[in-house]
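Peer 1: Construct the complete structure from the given sequences, taking the supplied hints into account.
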Amino acid sequence: MRVGVFICHCGSNIAGTVDVARAAAELRKVPGVAFATNYMYTCSEPGQDEIKQAIKRENLDRIVVAACSPRMHELTFRRTIEKAGLNRYFLEMANIREHISWVGLDKEANTIKAIETIKMAVAKVMQNKPLYSSSFKINKRVLVIGGGVAGMQAALDCGDGGLEVVLVEKSPSVGGMMARLDKTFPTIDCSICILGPKMVDVAQHDKIKLYAYSEIEDIKGYVGNYEVKIRKKATYVDWTKCTGCGLCMEKCPSKNSYDYFNFGVAPTKAINIPFPQAIPKKAKIDPDFCRQFTKGKCGVCAKICPTGAINYEMQDEIVTEEVGAIVVASGYGLIDMDKFPEYGGGRYPDVITGIQYERLLNASGPTEGHIVRPSDHTEPKTVVFVSCAGSRDKSLGIPYCSNFCCMYIAKQAILTKDHIPDSQSYVFYMDIRSPGKGYDEFTRRAQEDYGAKYVRGRVSRIYPKGKKLVVVGADTLLGTQVEVEADLVVLATAVTAAPGAAQLAEKLHISYDTFGFYVESHPKLRPVETNTSGVFLAGAAQGPKDIPASVGQGSAAAAKVLALFSKDMLESDPAVAKVNENTCVGCLKCKLTCPFGAIQEKELRGGKIVASVIETVCAGCGVCTSTCPCGAIQLSHFTDNQLLAEVNAICQK
Amino acid sequence: MSLDKLKQIITDVMKEVDVVIGYKQGFDPLHATPCFITKPEQVDQVIWNPLCVQNLASYLTSLKKKVGVIVKGCDSRTIVQFMQEGLIDRSKVVVIGIPCTGVVSVRKVLEKVKHEPIEEVKFSDDGMVIVKTPSGETKMALSEVAPDKCETCQYPTPVLYDHLAGEPITSTKDPQSVFKDIEEFDKKSLEEKKAYWEKEFDRCIRCYACRNACPMCVCQDSCIAESREPHWVSQKSNLTEKMMFHMIHALHLAGRCVECGECERACPMGIPVNKLKRKINSDMKVLFGYEPGVKPEDKPPMFTFSVEEKNIEEHKL
Chain L
2 MRVGVFICHC GSNIAGTVDV ARAAAELRKV PGVAFATNYM YTCSEPGQDE IKQAIKRENL
62 DRIVVAACSP RMHELTFRRT IEKAGLNRYF LEMANIREHI SWVGLDKEAN TIKAIETIKM
122 AVAKVMQNKP LYSSSFKINK RVLVIGGGVA GMQAALDCGD GGLEVVLVEK SPSVGGMMAR
182 LDKTFPTIDC SICILGPKMV DVAQHDKIKL YAYSEIEDIK GYVGNYEVKI RKKATYVDWT
242 KCTGCGLCME KCPSKNSYDY FNFGVAPTKA INIPFPQAIP KKAKIDPDFC RQFTKGKCGV
302 CAKICPTGAI NYEMQDEIVT EEVGAIVVAS GYGLIDMDKF PEYGGGRYPD VITGIQYERL
362 LNASGPTEGH IVRPSDHTEP KTVVFVSCAG SRDKSLGIPY CSNFCCMYIA KQAILTKDHI
422 PDSQSYVFYM DIRSPGKGYD EFTRRAQEDY GAKYVRGRVS RIYPKGKKLV VVGADTLLGT
482 QVEVEADLVV LATAVTAAPG AAQLAEKLHI SYDTFGFYVE SHPKLRPVET NTSGVFLAGA
542 AQGPKDIPAS VGQGSAAAAK VLALFSKDML ESDPAVAKVN ENTCVGCLKC KLTCPFGAIQ
602 EKELRGGKIV ASVIETVCAG CGVCTSTCPC GAIQLSHFTD NQLLAEVNAI CQK
Chain Z
38 MSLDKLKQII TDVMKEVDVV IGYKQGFDPL HATPCFITKP EQVDQVIWNP LCVQNLASYL
98 TSLKKKVGVI VKGCDSRTIV QFMQEGLIDR SKVVVIGIPC TGVVSVRKVL EKVKHEPIEE
158 VKFSDDGMVI VKTPSGETKM ALSEVAPDKC ETCQYPTPVL YDHLAGEPIT STKDPQSVFK
218 DIEEFDKKSL EEKKAYWEKE FDRCIRCYAC RNACPMCVCQ DSCIAESREP HWVSQKSNLT
278 EKMMFHMIHA LHLAGRCVEC GECERACPMG IPVNKLKRKI NSDMKVLFGY EPGVKPEDKP
338 PMFTFSVEEK NIEEHKL
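These protein sequence lines map, in sequence, to chains L and Z.
Position one of the first sequence corresponds to residue 2 (the working numbering), numbered consecutively onward.
Position one of the second sequence corresponds to residue 38 (the working numbering), numbered consecutively onward.
Calculated from the structure, these hints are not laboratory results.
One thing to keep in mind: the hints can contain errors.
Said to hold, decoys possible - Result set (DSS-like, lysine-lysine): computed pairs, CA atoms no more than 27 Å apart in a straight line:
hint, chain 1, residue 1, chain 2, residue 2
1, Z, Lys-312, Z, Lys-225
2, L, Lys-609, Z, Lys-336
3, Z, Lys-129, L, Lys-592
4, L, Lys-609, Z, Lys-145
5, L, Lys-603, Z, Lys-336
6, Z, Lys-151, L, Lys-603
7, L, Lys-592, Z, Lys-322
8, L, Lys-561, L, Lys-221
9, Z, Lys-347, L, Lys-230
10, L, Lys-568, L, Lys-208
11, L, Lys-210, L, Lys-242
12, L, Lys-609, Z, Lys-101
13, L, Lys-242, L, Lys-141
14, L, Lys-395, L, Lys-525
15, Z, Lys-336, L, Lys-508
16, L, Lys-592, Z, Lys-347
17, Z, Lys-102, L, Lys-609
18, L, Lys-199, L, Lys-438
19, Z, Lys-151, Z, Lys-129
20, Z, Lys-312, L, Lys-603
21, Z, Lys-101, L, Lys-592
22, Z, Lys-316, Z, Lys-102
23, L, Lys-592, Z, Lys-332
24, Z, Lys-336, Z, Lys-347
25, L, Lys-609, Z, Lys-312
26, L, Lys-221, Z, Lys-336
27, L, Lys-230, Z, Lys-186
28, Z, Lys-225, L, Lys-592
29, L, Lys-603, Z, Lys-316
30, Z, Lys-347, L, Lys-579
31, Z, Lys-347, L, Lys-221
32, Z, Lys-217, Z, Lys-316
33, Z, Lys-103, Z, Lys-336
34, L, Lys-603, L, Lys-579
35, L, Lys-603, Z, Lys-102
36, Z, Lys-347, L, Lys-508
37, L, Lys-469, L, Lys-508
38, L, Lys-592, L, Lys-130
Quick caveat, the model's predicted, so the values are computed rather than measured.
Peer 2: In structure tokens:
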């Protein structure tokens, strides 16, 4: 066996704190290493040529590249050695950048650690076996999770590209957060007027199959062939019969249902259509409030419905869809008001959130666009906006900026003046973040043309005084305390991950950060991909985002799906589990622990029962290999012996 | 419990099974040995006394026939564990349970009589063992020579049976005392524990008797201790390799060991190998609230995969 070792300087990234020449000299002494060198940029074209030439010249049959993380360039170098005639799995990478040169400053210690790490890779590569991928067919259908603006855009673009789309939306209507907004910044376009046609397109598109009021129950499979179980939640209304006439909603005697669409600004009926433009425009019963469910008698809607669509016996239904790729556009959530005891923690009716204020401004909202105080339905003359309610606040565990609040506060201040010309708005802010096209001009307009008073400082306390609310804050520019007697206070509450985001990520096998936002494959170069191939991201599920960014990502994710589906066959990863039938004792513990259901029972001719891996379903996680008591199931490319060789290489006495 | 009743049950069970596994007198009066009864005339060989120490359920996984098996309370947990793991077909096993008041540790008796040849062993009604050797009679209390497992026994009556030879007995032992020795041992420092195990395992002769006696060992001839691919344990006879073998055996029994103590009984070197497994069992109880071999409908925690475990906080937001 003749191993070639290539140690990369990565400019000064590695060579700055690792003595690469000494490492190469040390590696030449290792048995099995026929050639070792160091090079400025191994990933560059001349760097790769160097590897190819050395393979020919030195007759090398195994290659170790000591450079950056394999995440970065393993594929690059696999292709390099493949071009030089070696099996692509005869490559090992030693990560001496992220694991060594970037984390330590002591050059001596770094060099020793680098040498040992490369020795481990040499030991591993000498145990490597040639592996070959097989190819499999892909199912060219796509699942889009979330029917907000990002998900709808992805669904429409995929559908227009000729793909069949399954769109799953948790709430009874598509539209997401954008459907709740009054106007959009910086153009003051009516939100539902520009979104509505898109929603109709989704409903009428012949390639899009919409599951509203449905959730993802379970996802099995792999890129190209997913099997998705969708839970169609019981609406207690047969949607094939419901015409959306709204008679039931009119007559329903249960008038105090929580209105999820309006974020509880006003109550709604127990049977309702969430908003006039809802798609699908169908009624659903909220069993938490419906008298038929809580008291056991009522039945008004069933009597009144002209098409007989009401069915109190309806159960959740599970349907299965098969798709080849998934776009996750599950959106965001908002922090609860009870996190802010200093602002009343939700106890003062006239302290509301930004999204509730949107509903007050909106002509199709519960007040038909009249701004009134929730407490006494009078028109507020002094409105105070508090930005960063939770955002950029480490004490609440939210160190990040919520991205769009600065902009919507400016918009709401402008709209307040439009609605109530003799009103005065105050905005308490930390910084004004308005880096988009036309955004900064917009926030200046709010101040200069609409007279919103911007106070740089945070609000420490809000307390009621008669019918008013006293907002106590600091003005850090003047260096004084400020008190404003307000009629209405609007909190720009922080954006959080959507409720249930982590559970969905587990079903999809994608990673999420400590805040619950989904992690993209590369923050700059792969912003809509995940590390699970076949799963793409769009919109605020990945982090707080405004409308144009979400729409852009929806289209980007669709482009990625279309590119993936431009091929008919995909190559499988051969680094999967494999059963040695001679040593397998058929205890089938592996079958029970496999998170992917990739292991089957198989009977050999003699009647012996053994485990058998479905190669395309196996994700190569290795749970089975640590479960198998006799080591009969091994993960190709990460076998016990390969790992033991690495351990032995660094545990020399 | 009367021996006649047991024999009557065996005779009845014989009609529906191919073989009944019981105990008969062994090579000397101190040893009982398993017997396989296939003919009615063999029923008379059967004995029952505190010398019947072996866990006869161990044979079940290797037998294809329909079997009747005699089990003590502790042995019955093996059958329950087999059922949880799907290792036996319950419809092919007839369980004859014996309410057990405790057995003896042959090793402890032999130590008492200084390993002299045994001429006769008798059990008195007041719980005494009388052993006759060429140098005379030695009288010892049953509790004095009982194996450690009997001292904290929670299941004197089998947890599952088709026929019960005798009246059920309830345990008088404190459930809190089960892992008392483990808790005591845990108080030692890491260095002390290491020194203890190094001393114990240094005696190991790698005969694999502990493994072969273990009813829960499923790999049998495919044992990782003797495999080259993967090569976890080399054939070197040094402490690290011996330790490695015992660690592997212990971990393979995580959440599966029914604490029958066969490993320890079989060890010719007197190494307390069951201690490691009981330590893991005590941890399994804390982490998963699971006790092996008690309820047939339970699922061993290591046979499941869930992303978030209730008592393991490593993946919480």
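Peer 1: List in ascending order the numbers of the hints, as given earlier, that are violated by the structure.
Peer 2: 4, 6, 13, 19, 20, 22, 25, 27, 28, 29, 30, 37
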